[in-house]
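Kindly produce the complete structure, drawing on both the sequences and the hints.
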Amino acid sequence: MRRFINKWTILGVLLVIVALWAINVHDWHQLWTISSAPDNIPIVAMLFLVPFFTWMGVRQAVANDRLIEELEADTKLAKTHHRKVEPWRPGWARELHVWPYLVRIEFLATVIVTVVLFIWSIKLNAPLEEPANPNLTMNPSKAPWYFLGLQEMLVYFDPWIAGVVMPSIIMVGLMVFPYVDSNPLGNGYYTLRQRRFALWMFGAGFLMWIVLIVIGTFIRGPGWIWFWPGQTWDHNAVVFDKNVDLHDMIAQSSVGKALHLGFLAQNPGKFIFGLIVVSGFYLVGALFFHWLMTVDFKKMRLPRGFSLTELHRALFPKNAFEQKILSRTSLLQYLTFQFFAVSVLLALPVKLILRLALTIKYVWVTPWFNI
Amino acid sequence: MAESPEPRESLIKREEDLPAADPIAGKSTSGWMLVSALLLTISIAYALWDEAFGQRPWKGMQKEFVSRYTRYLDSIKSDAGKSETDIKESPEYQQLDAEEKAAREAVQPEIDQIDADVKITQAKLDAITDPFQNQRGRLTVINYNVETTDGSAKARWRDRAEAKRREVVTIEVPSDDGKSTKEEQFDYAKLEKTYNDLRDHKSERLSRKAELLKTPSELAKKRDDYLKNHLIGLGPVAIEGLKTKMANYDYSILGHQISVNAYNIVDRCEVCHAGIREPLDIKPASMKSSNGTEDAMSRAFVSHPNKEILQLHNPEKFGCASCHWGNGRATTTDEKGHGRHRFWLWPMFEKENTEAGCQQCHARDRVTQGAETLNLGRDLFAQRGCMGCHRYEGFDRETDALAGTNQQIGQLRDQMTANEKQILADTQASGSEKATADEIKKLLAHAESLRVTNSLLAARIDQLNLQSKYQMQDVKKVGPNLKDVRVKLRKEWVPVWLENPQGFRPGTKMPTFWRFATFPENYANAPAQHMRDKDNADQIQAIAAYLWQDSFDTKLPTQPQGNAGHGKELFESRGCLACHSIGEGASKMGGDFAANLQRVGEKANFDYIVRWIHNPRERVAPYCPKEKRDLTPDDYAKKNLPFQFDTELHSRCPNDGAELQVQNMTVMPNFRLSEGDARDIATYLFSLSSPPSYASADYMDNPQLKDKGKALIKQYGCAGCHEIRGFEDEQRIGKELTVEGATPIERLDFALQTKRAEEGHDPLNLHGKPAAEGEGEQAQKNHAEAEEKPWYNHKGFFEHKITQPSIYDEGKEKDPKDRLRMPQPFLTPQWRTALTTFLLGSVGAEGSNVPSTLFFNPQDQRRQDIQNGWWVIKKYNCMGCHQLQVGQRSVVQDLPFYQTPEGKDLLPPRLTSEGARVDPTWLLRFLHDPSLSGEKTPEQQQQIAALPSPSPQAAGSPQPGQVANNQSNNQIAKLLPQPGLDRNGVRPYLQFRMPTFNFSPNELQILVRFFMAMSGQQDPYIKEPMLPLTAQERVLARQLFTSGTPCLKCHITGDPSRDAKAIAPNFLLAAERLKPDWTFRWLLDPAQISPGTAMPSGLFRKEGDIWVSSGNLPPAASGYDHDHARLLVRYMFLMNPDEQRQLLAAGPATTALPTASTTQHHARAKKKRPRLNHARRRSRAALLNKITR
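Here the protein sequences come in this chain order: A and B.
Mapping the first sequence onto my numbering, position 161 (from 1) lands on 161, and the numbers just tick up by one.
Mapping the second sequence onto my numbering, position 59 (from 1) lands on 10059, and the numbers just tick up by one.
Incorrect hints may have been included.
Cβ-Cβ distance ranges computed for the label pairs, FRET-style [to be verified]:
1) A:LEU117 with B:GLU10294: 40 to 48 Å
2) B:LYS10222 with A:LEU117: 58 to 66 Å
3) B:LYS10063 with A:MET175: 56 to 64 Å
4) B:ARG10329 with A:ILE122: 19 to 27 Å
5) A:GLU69 with B:LEU10038: 42 to 50 Å
6) B:LEU10038 with A:THR54: 26 to 34 Å
7) A:ILE5 with B:GLU10813: 46 to 54 Å
8) B:ARG10277 with A:ASN125: 28 to 36 Å
9) A:THR54 with B:GLU10294: 52 to 60 Å
10) B:GLU10813 with A:PHE369: 38 to 46 Å
11) A:ALA237 with B:HIS10761: 16 to 24 Å
Output of the computed footprint for chain A on chain B, the stretches with three or more beta carbons under 8 Å from beta carbons of chain A [stated by the list, open to error]:
12) 10129 to 10142
13) 10208 to 10215
No more than 25 Å apart at the CA atoms, straight line, and that leaves these computed lysine to any residue pairs for SDA-like [as the list claims (entries may be wrong)]:
14) B:LYS10317 with B:PRO10851
15) B:LYS10814 with A:VAL164
16) B:LYS10336 with A:GLU130
17) B:LYS10755 with A:GLU70
18) B:LYS10789 with A:HIS235
19) B:LYS10814 with A:THR232
20) B:LYS10119 with B:GLU10902
21) B:LYS10063 with A:ILE122
22) A:LYS123 with B:VAL10035
23) B:LYS10801 with A:ALA237
24) B:LYS10190 with B:ASP10126
25) B:LYS10182 with B:ALA10127
26) A:LYS123 with B:HIS10341
27) B:LYS10077 with B:LYS10307
28) B:LYS10812 with A:HIS235
29) B:LYS10812 with A:TRP228
Keep in mind that the hints were calculated from the coordinates and are not lab data.
All C-beta atoms, glycine included, are put in the ideal place defined by N, C-alpha and C.
Given below as C-alpha cells:
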C-alpha cells in the first residue's frame, strides 16, 4: 500500500482530478472573471504559494528529521554537529553570525519583494467597484479575500457565534498556544517528528481557513449560492435548501415518529437535547483529539481476529514520544487545548458537513444562542 | 539549500574529509544582489515613468492636440480674414466649381429640352384647364341633380349629363412648337384624358429633371462645403492669439477641469477633448494626424457640434457629464472616461441617444427645443399608446386632473352629508324638553351655520362639477371606442384584425399581441411561433366575442353611396391627410398621427363611417360615470327628456345629475362637412379597397366565451387605449416609467438573455446591419464593432424590450398568467432610437446626473404657458397643418399637391407669430368655433352670410334644410345638424378647413395663452382704442384703399363677383381679430413677418417720420401730413359693412386680374416682390379653380 503512495501517484491522481474538472467546466470566462479580479490575485497566488511553501517546509523537515535520527543514534556525533540544517563538516565555522549571513539573505528577499510589490502596485490598480448605493447591495456582496473565511462561517453558524464567538476563540486560542505547548523541542528548525501533533493541528486549522476563503472566493456566487468553479454565475439561479434543526429532523423522521420523540421539538426538550448533543460532541471530540495525540500511526495494524483487546491494540498503539510530552502537560494546559481544539478545529468542519451535506441548521437551539 | 543528507556512512567518513567550503559562509550572494539591485533600479525607474506618463495618458493627448491644432491654425492662417471672393479664387475652389459646372453642362441640353417641353405642356394645360374645369363643374352639378332627384326628373338629368359629356368644346391649343395655336374639338372624355395626360407628362418631365440635377447638386454641395470650411470666422490676429495659447499650453488636468463646487461637479473631459470650446469650428478633417489620416484622436479633438446648446448650458456651470453622462473625472482611458467600465453604472449616452441627457432636466417639457429625437420619443410615447398601459408623470394630465376633481367632489359630498346629519341632530336636540333656552339658541345657531356651510359647499361642488365636465371633455383615448364595435365593424373582420393587425394595416398603432396574435410573414423581429400561448385561437375568439356582445347595437341612419371623385378631392384638400395616411408602401402619403385609411372599406360599416366623418365625437349613447353604465333612451324617457346629449346644455345625467361622458374620446375633430360631403369622402375611402370575404365568426355570439374574453381583456390591458364596456375605470396594467431609466441594471430583468447580453450576442441583431447611409469600410468597421458590443445595459434593455417584448420571456417556464403582457409595437429604427432616448433620460431627480436645482423649472408664466400649450398642441396634432415654430414642417406642407409656389399659398396659415397678430379674446372665440358662425350679432351674421362659400361645390351642396327635405323623401334618418356647416371663419378661400375641435374652456385658455406666450405678448392684452376718422381721413383712406394700395383685389369683401378669386381675409374681421400694432408692421413689410406671403411688400415708403403710400398719391393725400399706414390701420379697424359697401361702390370696377396700371405701380415700387406676388396670385387663382372643382 505504502509503495504506491509516492509523488508520482499523487501527482497523477491530482492531474486526473483536474482533468475531470476541466472537462466539466462550462464557463471558462466566468472562471477567468473571478480569478482575474484584482482583489482575488492574492488568493489565486496562495493556491500555488501555500502548497509550494508547505512542500518546501516538509522537505526540509523530513531532511532534518533524518538528521536528528542519525544524530540521536550517535551521541558523539551529536556533540560535534550543531548545525541542524546541514550536518557540520570540518572547516566550517561552528557558528554563523546573523550579520552578514542571515541579514544579507533577508535583504535580498526584501529587495525582491519590493520589486514584486512595485510591479504589482503599478500594474494592478486598487480594485474599486461601482459607487456605493445605499438602496442596492451588490450581489454577491463579498468581503475582501482575507475576510471571506469569516463571511463563509456565517453560513454555518449564528451571526453571533460566527462573527463574535468563533473569531474571539480563534484569536485567544492563538495567543494561548505558546502557554499550553509543553513540548520543548522543534524550535527554530523544521521538523515533523518532534512536533507531529502540533503541526497537524495547525495545518488542519490553516487548511480549513484557506478552504473557507477559497469557497468564498471561487464558489459563492450571486445570492451566496454554491456555484462550482466554472459554472456560470447566474443572477436568476434559484436553489431551495430547507435547513432544519437537528431536533426537528429527528422528531419528524419516521424513526422519531415511531419512537414518539415529538417532545424533542418542544422547548425544554430541545434545549436539553441540544445540550446533550453538544456535550456529547465535546466529549467525543476530546476523546478523538486524545487518540490523535497518543496514537502511533506507524504501528497501526489490521486486527488479527475480533477480540476487543486485539482491536484496542490495533487502534491505540502507544506513541512513546507523545506520551512523554503528555505527561509533561498540566491538566489546565491539556483542557485548555482540548477546549480550543474541539470548539474550532473540529466544530467548524463538522458543522460545515452537517450544513452542506445533511442540511442541518442548528443542533442546539436556545433562546439566547443557536449552535 | 538543503540537499538530502547522505546515508550515515558518509556522515562518519566526513570527519576525515578535507575541510569543505562552508555552503553559507563560503557562498557569495553578490550575483543575486547585483541582479535584484538592477531589477529594483529598473522598477523604480518604471514607477517614476508610470507616475509621470503611464498614469497620465492625457498628457500625450494634450501634446497631440497642440501639435495638430497648431498645424491646423497654420494651415488656415492664410485663409484667415479672407473674404468669400478670395476663397472663390483659390485653385481648389475653382476646381470644384469647374467640376460642378461640367456636370451641370453635361445635363444642361436635356434640361433645356425638358424645360421647353414643360413650357409647352404648361401652355397647353393653361389652355385646356379652364374649359375642362368648366365642363367638369357643370357635369358635377348635373350629376348631383341626378343623385338628388327622382323619377322622370332623374332621367331627364341623366340625359343632360349624357349630353354634357357629348358636348364638344372648341379650344385653341398651342401647337407643339408653341408658336402657333390651332383649334381643336373636345368632348368631355377627350378633355379629361388630355388634361390628365398633360399633367402626368408634366410631372414625369419634372421628376426627370430633378433626377438629372442630382449629380450637379451634390457637386455644388461639395463646393459650398469647401467654401464653408475655408471661410474662417476669425481674423489673423485672433488666430495668432490661438497659436500663442497653444505655444504656452498648460499640460495639466487642473488647467482644463471644470469644477463647480456648488453642485459637486468635477469634469475633466476637456483634458482630452481639448477643442470642444475652441472658437473655431473644428472638424475631424482639420485635425488629421501627422501622416494625414483621420483617426480616433481627430474625432476626439473636434469642437462641440452644437455651439448654441453649449451657450445655453454653459459648461462652467453644468459641466459635461451632467448632460452626456459617463465618468467626468476619469482621465486614464476613454473606456473609463466614457463610463463604459463595468463598474460605472451610468455610461455616457451613445451618440444617437445623446438627447436623453436633455430629458433629465427637461422632464416636464412636452417639447424641448432642439431635441428632435427626444421630442419624437415623447410623441411616440403619447401617440402610439405606450401611455395606455404605462403611467408617466405628466403624460396623464387629463385623467389625473379628473380623478383629483372627482375625489374632491366626493370629499365635499361626504362633508355635506355629515353636516346634514348634524343639522338634523341639532334641530331635534333643540326640540327636546330638557333643553334650556340658551342651549336651544346655541343649537339652532349651530344648525344655521352648518346650513350656510353646506350651501357654500354645494356651490363649490357645482364649480367642481363644471370642472369635471371640462376635464372629461379633454380625456382622450389612443384607440377607437370599442363600445361601437357592432355598429362600426364587420363582424367577421374583428378576429382577423386581432389575429394580425400589422398584416392588415402595416404600421398601425395597434401593437401585436404576440401571445395570441400572429405576425405578417417576414416581419422583422417577430418572436418564434412557440412563444404563442397554446390557446391563441381561443383567446382571439373570446376577446372578439366579448367585444361584440358588449357593444352598442343601435340602428344608424342608412346612407346611400356618394361621389367618390368628389370625396377624393375633399379628402385631399380638407386636411384629412395631416393626420391620416393613405396608400401603402411607396405610394403612402399623409401623416402618421392617425390610422392609414387605405383598407377601411374592408372592415367598417359605411353608415358608421359617414356618421364618423360627419362628426366623430358623436356618441351612440352617453356614459354615466356615477352609475357606471351607458345610458339608454329609456333613462331619458322616464324623466320626460329628449334623448339628447352634448357638451353644452345636455351634459348631465337625467338620473343623478352627474356629468356625463357625452363624446367619443377621440382627438379627431369635426370638419363641419355636410352629410353629403361626408358621404362622398366615405364613398371614396370605401372605393379604395374591395371587401374580401372573411371566415364566418359565429362564435362571437356565443355567450359562454364572454367571461373568458373579459378576463383576457383585463389581462392584456386593452382598456388602456380603448373604451370598452365594463372597463371604464380600469387602471393601467404596465409599470410606471417616470424614472425607469434610473432603475439599477440589476433590477432590469434580462431573464435568460443576461448572459447573451453580457457577451454581446444579440439575438435581434439590432445594430448589426450596416447603417444605410454609412459607406464603405468605415461602416463595415462600425458594423463589426457594433456586433461585439455587449448590450447588458439600459440602452440594450430598452431597445430589446420595445423591439421584441417577448424576448425576455424566451425559454422561461411560466404560468400563462405570469407571462409578459407587453405587446409588440410597430417601430421603425428611428422610432426605436427615439423611444430609447426618452426612456434613458427618464431618471427622475434621484437618478439624475444633474443636481435638481439645475433642472429646467420655469418660474415665469410665459414659459409655463408655452409648455402647457405644447401638451394640447401635440395632443391634437396642430402641427399636422400649421407651422408653429420656425423650421418646423407641417405634414400637409410636404404633400405632393402643395409643392408648387401656387400650392404653397393655399396652405393653412403659419402660426409662428399668431400671438402677436391676433386679439386673444378673438382667438379664444375662433378656436371655440372656427366657423365663426355661432356667436355673432345678427348684423354680423348677415354679413358673414354674404361671404362666399368656400367652393362652388360646397355652395351647390344642400343646405341643412334641403338635406332634411331630401332625406324625408328618401326616408333616410337624419344625422344631427352640423353647426357652422361648411364655413371657414377667417379664410373662406382656403380648401383646408380649420376643424372644430370642441376644446373645453380649459384647453381653449391654454391654447390662447400658448400663442400669446410664443410671441412674447403682454398679459393681459388691453385693446388700443381707435380714434374715429375725420371726414378727410375717411376720403383719403378710401382712395388709398381703392387706388394706391390694391387691397380689395385679394381681400374678401362680401361681393361675390369679386370674392371668387380672393385670397385674403375680410377687413370686417380685422377690428375684432387683429392687433393694431401688428397690423401696422404687417402693412409695412409682410414678407418679414411671414416669408413667402402673397401680401405685397413695399406698399409704403418713408418720408421723414411718416410712411406714405408708395403708389400714385390720390388727390386727397395732399394736405394730409400724417402716417398713411397708420391711417389705413385705423380705417380697417373701424370698417363696418356700410363702409365696405361704399368702398366697393367707390372703387374701380376691377376684376381680380391686375390691370396695367397696378402692374406699373408695382414696377415703380422698385421691388421685385410685389410683381412676383401678383404673378403668383394669378396662377394661384387658376389653381384655386382647379382644386375647387
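Going down the list of hints, with the structure as the test:
1. Against the hinted window of 40 to 48 Å, the Cβ-Cβ separation of A:LEU117 and B:GLU10294 comes to about 43 Å, which satisfies the hint.
2. For the pair B:LYS10222 and A:LEU117, the beta carbons lie near 60 Å from each other, so the given range of 58 to 66 Å is met.
3. Judged by the Cβ atoms, the range 56 to 64 Å given for B:LYS10063 and A:MET175 holds: they are separated by roughly 58 Å.
4. Checked against the hint of 19 to 27 Å, the pair B:ARG10329 and A:ILE122 passes, with Cβ atoms roughly 21 Å apart.
5. For A:GLU69 paired with B:LEU10038, a C-beta distance near 44 Å keeps the hint of 42 to 50 Å intact.
6. Hint check: B:LEU10038 to A:THR54, Cβ distance near 32 Å, so the stated range 26 to 34 Å holds.
7. Evaluation of the 46 to 54 Å hint for A:ILE5 and B:GLU10813 yields a pass: the beta carbon distance comes to about 49 Å.
8. Our hint of 28 to 36 Å for B:ARG10277 and A:ASN125 holds, since their Cβ atoms are close to 31 Å apart.
9. Checking the proposed 52 to 60 Å range against A:THR54 and B:GLU10294 shows it holds: the Cβ atoms sit about 59 Å from each other.
10. For the pair B:GLU10813 and A:PHE369, the beta carbons lie near 41 Å from each other, so the given range of 38 to 46 Å is met.
11. Restraint check, A:ALA237 to B:HIS10761: a C-beta distance of roughly 20 Å satisfies the suggested window 16 to 24 Å.
12. Note: the segment 10129 to 10142 of chain B has 0 residues with beta-carbon separation from chain A under 8 Å; the three-residue rule is not met and the coverage is violated.
13. With a cut-off of 8 Å between beta carbons, the segment 10208 to 10215 of chain B has 0 residues touching chain A; three or more are needed, and the interface restraint is violated.
14. At roughly 11 Å between alpha-carbon atoms, B:LYS10317 and B:PRO10851 fall within 25 Å of each other, so this suggested pair holds.
15. Distance check on the hinted pair: B:LYS10814 and A:VAL164 sit about 43 Å apart at the alpha-carbon level, beyond 25 Å; violated.
16. Between the alpha carbons of B:LYS10336 and A:GLU130 the distance comes to roughly 12 Å, so the proposed pair stays at or under 25 Å and holds.
17. Taking the CA atoms of B:LYS10755 and A:GLU70, the gap is near 63 Å; set against the 25 Å cutoff, the hint is violated.
18. With a C-alpha separation of about 21 Å, the suggested pair B:LYS10789 and A:HIS235 falls inside the 25 Å cut-off, and the hint holds.
19. Between B:LYS10814 and A:THR232 the alpha-carbon distance is near 22 Å, which keeps this suggested pair within the 25 Å criterion.
20. Straight-line distance between C-alpha atoms of B:LYS10119 and B:GLU10902 comes to about 16 Å, which keeps the hinted pair within the 25 Å bound.
21. At most 25 Å may separate the alpha-carbon atoms for a hinted pair to count; B:LYS10063 and A:ILE122 meet this at roughly 24 Å.
22. Among the hinted pairs, A:LYS123 with B:VAL10035 is consistent with the structure: their alpha-carbon atoms are about 22 Å apart, no more than 25 Å.
23. With a CA separation close to 22 Å, the supplied pair B:LYS10801 and A:ALA237 stays within the 25 Å bound.
24. Pair hint B:LYS10190 plus B:ASP10126 holds up; C-alpha atoms about 16 Å apart against a cutoff of 25 Å.
25. Proposed proximity of B:LYS10182 and B:ALA10127 is supported: the alpha carbons are some 11 Å apart, at most 25 Å.
26. Taking the CA atoms of A:LYS123 and B:HIS10341, the gap is near 17 Å; set against the 25 Å cutoff, the hint holds.
27. Annotation: proposed proximity of B:LYS10077 to B:LYS10307 holds, straight-line Cα distance about 23 Å (limit 25 Å).
28. In summary, the hint linking B:LYS10812 to A:HIS235 is supported, as the alpha carbons are separated by about 14 Å, within the 25 Å threshold.
29. Using a Cα cut-off of 25 Å, the hinted pair B:LYS10812 and A:TRP228 holds, with the two alpha carbons roughly 23 Å apart.
The structure fails to meet hints 12, 13, 15, 17 from the earlier list, while all remaining hints are met.
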